[in-house]
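Model the full assembly from the supplied sequences, consistent with the hints where possible.
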Amino acid sequence: PFHVYLCLSLYPEGEPSSPHVQQQLYWQYLTLEMMYVRITQALQRTGLQKKPTDYMSIYCLANREARELSKIQDPDPVANALPPQAKNLYLKRRHPILINSN
Numbered sequence: 001p002f003h004v005y006l007c008l009s010l011y012p013e014g015e016p017s018s019p020h021v022q023q024q025l026y027w028q029y030l031t032l033e034m035m036y037v038r039i040t041q042a043l044q045r046t047g048l049q050k051k052p053t054d055y056m057s058i059y060c061l062a063n064r065e066a067r068e069l070s071k072i073q074d075p076d077p078v079a080n081a082l083p084p085q086a087k088n089l090y091l092k093r094r095h096p097i098l099i100n101s102n
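If you're matching positions, the sequence shown starts at 1 in the numbering used here and goes up one per residue.
I should point out that these hints are in silico values taken from the structure, not numbers from a laboratory.
Only a predicted model underlies this, so the values are computations on that prediction, with no experimental measurement involved.
There's no promise every hint is true.
As the list claims (entries may be wrong) - Here are the simulated distance ranges between beta carbons:
id : residue 1 : residue 2 : range
1  : 61        : 41        : 25 to 35 Å
2  : 52        : 88        : 24 to 34 Å
3  : 51        : 84        : 32 to 42 Å
4  : 52        : 10        : 20 to 30 Å
For glycine and all other residues, C-beta sits at the position ideal for the given N, C-alpha and C.
Right, here's the structure in full:
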């Protein structure tokens with residue numbers, strides 16, 4: 001038996017609507033789809049009555065920090081200087097985690 005653990009960034013680096021982020025998400029989707037299909041085909045060949053999700057887990061990693069009450073300012077000058085997507089992540093104290101493979 002085997003189990004594949006996939007670790008993906010919850011928030012890819014860059015502006016979400018930018019072409020390079022959209023291309024990264026597209027290829028990420030195709031990779032996940034390919035893995036799901038290949039596991040399904042292998043299960044069908046062996047006759048096992050299992051689901052692909054029995055052999056594959058996907059995790060989206062992010063860091064969430066507690067906001068210190070002593071540092072709260074209204075309006076927050078840092079948040080107001082950010083683009084909408086980054087502002088939302090900043091206010092919710094969510095930050096991307098870099099995932100690398102070699």
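To see whether the hints hold, each was checked on the structure:
no. : hint                : result
1   : 61 - 41: 25 to 35 Å : 29 Å, holds
2   : 52 - 88: 24 to 34 Å : 33 Å, holds
3   : 51 - 84: 32 to 42 Å : 38 Å, holds
4   : 52 - 10: 20 to 30 Å : 22 Å, holds
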